[in-house]
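Asks: This is what each chain is made of:
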Amino acid sequence: MDSFSPIPALAGGVLIGLASALLWLGNGRIAGISGLFGQLLPPARTEIWRLVFLVALVLGALAASCRLPGVGVGGAGGRPARLAARPAGGSVPAPLWIAVSGLLIGFGTKIGNGCTSGHGVCGLARLSKRSFVAVGVFFAVAIVTVTLTGIV
Amino acid sequence: MTASTRLPYLATAALSGLLFGAGLYVSQMVDPLKVLRFLDFTAIPSGGWDPSLAFVIVPAIAVMFVAVRIGRRRNAPVFASEFNEPEFHHIDAPLVLGAALFGIGWGMSGICPGPAIALIAFWPPDLLVFLVAMFIGSYAGALVIPSGHDRRLALAR
Chain A
1 MDSFSPIPAL
11 AGGVLIGLAS
21 ALLWLGNGRI
31 AGISGLFGQL
41 LPPARTEIWR
51 LVFLVALVLG
61 ALAASCRLPG
71 VGVGGAGGRP
81 ARLAARPAGG
91 SVPAPLWIAV
101 SGLLIGFGTK
111 IGNGCTSGHG
121 VCGLARLSKR
131 SFVAVGVFFA
141 VAIVTVTLTG
151 IV
Chain B
1001 MTASTRLPYL
1011 ATAALSGLLF
1021 GAGLYVSQMV
1031 DPLKVLRFLD
1041 FTAIPSGGWD
1051 PSLAFVIVPA
1061 IAVMFVAVRI
1071 GRRRNAPVFA
1081 SEFNEPEFHH
1091 IDAPLVLGAA
1101 LFGIGWGMSG
1111 ICPGPAIALI
1121 AFWPPDLLVF
1131 LVAMFIGSYA
1141 GALVIPSGHD
1151 RRLALAR
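First to last, the protein sequences are chains A and B. Just so we're aligned: 150 in the working numbering is position 150 of the first sequence, and the numbers increase by one with no gaps anywhere. Counting from 1 along the second sequence, just add 1000 to a position and that's the residue number in the working numbering.
Rather than coming from a laboratory, the hints here were simulated on the basis of the structure. Here the structure is a predicted model, which means the values were calculated and not measured. No residue lacks a Cβ here, since even glycine has one placed at the ideal position from N, Cα and C. Any given hint could be a false lead.
[To be verified] Which residues of chain A face chain B? A partial, calculated answer using Cβ under 10 Å: (1) A21; (2) Q39; (3) P43; (4) A88; (5) S91; (6) L104; (7) N113; (8) V135; (9) I151.
Isolated chain B (complex conformation) (with noise of 0.2 Å):
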């Protein structure tokens, strides 16, 4: 039995998921019409911007930063054998492409992936739409990019 199907590992996932579902229910990131309202920058000068999603952000990073901070002091993660430290370092020409075109793709709808799964939850018309789309856009980016995980690692490192 590897680590990652040990119960306290998966009870780590699960309530970790709890959370996160819970805090984009609370933080109302679940509405894609609030996300959309923080990026329409030209509703600043009407006073008509949403700014929430700064007030989301921000201190979801400012807790995990104290937990990165944590963790660098420690061998290994409490229920498995080591950090899985991203393996990618240099910025490379998939990363801004992918960055750009995951822009546009939030911008038509106002759904980034975590509220897309969230939303489940709320099932609104089309969601499931969307989902395939998702999932294929994902399967048909990782047939194109890497072309060999190797080669994209000695690339982006």
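Excised from the complex, chain A in its bound form (with noise of 0.2 Å):
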């Protein structure tokens, strides 16, 4: 339990709660990530609201690794932000196991129209019958695979 962080991670999640909170009562919009992101390009019609988004959200993470220094990853104060490496003893590169999560987690989020923040956040927020579908699938299925590939 040497990483467990209850405290920052409740702060945090109070701060994701707000900024769903704040876009939907200010704006109607369902603040899901992977759906403002798929929909910056054509064919989706850009709305310049989303570029909006998610430049704050990254300079969101840039000030306040400034602000609370040491939280744990990223910014001056903390251990460099890494991406996880592919399985160890597997003969993959690890570019290319990246590159097929990222290519799963972009093309299953589009067809299952959401991910962590869409259905996790705003659409058990909802009460959606289709997102707790959705959150209960992909969690068990990730569970299942890190177990299969045991990439921890």
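Two chains, two frames, a set of hints: combine them into the complex.
Replies: Below, the structure written as structure tokens:
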């Protein structure tokens, strides 16, 4: 349990909830990051607010890492961010492993209409039947995938 | 000028994005290895499991739950003419298949789309590979499904 961090987790969760609440009550939009990202370019109609949100998201992480250095990973006071290495003993090059992961995430969230934010936070809060199914499936499959690949 | 290009609307999107990004950093969900330590249930017996992700998503849902209740008592959001409620309601194959494929990808790397974008702030090696791949995957998904928005809607409503 060396890495368990309940207080930053709760604080960060409240911030993410407030962000989603603000976008919903202010603009009537779901803060679903896969949807925002996937609709940046055609065939979707490009809307400037999506780009504004995503740029602000990067700046928010950067600003928080400056104001609160050393929470964990990221920023001048934190450990350098890194992606997970491919499973030990595998022969797949690391960038290929990451690329396949990215392809599956992009494709899966597009046809499934959401990810951890859109289905996980907003959908469950809206008591959406589809989101309960999606969240159950992607958490279960991710847990099985981690077990089978032994990536941790 | 449409509602979504007015300054208050864009400022709301910006503030929401800032809070979201700050939340991802503070909660350390920007660390894919921490996310993987949550998804690794095999570590539960040994005490090495990290339940932090649950401590992030539960309060986030709780705050949003209150916002949804508040929204139901209003006709419209503050800076737009209507709430953009998702149009799909039924459980269909693309939903389940998509969630499963996302689950495989998420389990392979511990990265979901929010942290993937937030990580641009810290630019770890191979992030660009991930982002390009995620975009190509998303683009491919848009081409494959729906084969006509109205048809998809008719299936899933």
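Asks: Does each hint hold? Answer for all of them.
Replies: Checked hints:
1. Proximity of A21(A) to chain B holds as hinted, the smallest CB-CB distance being about 3 Å (cut-off 10 Å).
2. Given the 10 Å rule on beta carbons, the hint for Q39(A) holds: about 9 Å separates it from the nearest Cβ of chain B.
3. Checking P43(A) against chain B: minimum C-beta separation of about 6 Å stays under 10 Å; hint holds.
4. With its C-beta approaching chain B no nearer than about 13 Å, A88(A) sits outside the 10 Å limit, and its interface hint is violated.
5. Hint on S91(A) is violated. Least Cβ distance to chain B is approximately 15 Å, over the 10 Å limit.
6. For L104(A), the shortest C-beta to C-beta distance to chain B is roughly 3 Å, which falls under 10 Å, so the interface hint holds.
7. For N113(A), the shortest C-beta to C-beta distance to chain B is roughly 6 Å, which falls under 10 Å, so the interface hint holds.
8. Against a cut-off of 10 Å between C-beta atoms, the interface hint on V135(A) holds, since the closest Cβ of chain B lies about 8 Å away.
9. Taking 10 Å as the C-beta cut-off, the interface hint given for I151(A) holds, the closest approach to chain B being about 6 Å.
Of the numbered hints given earlier, the model fails hints 4 and 5; all others are met.
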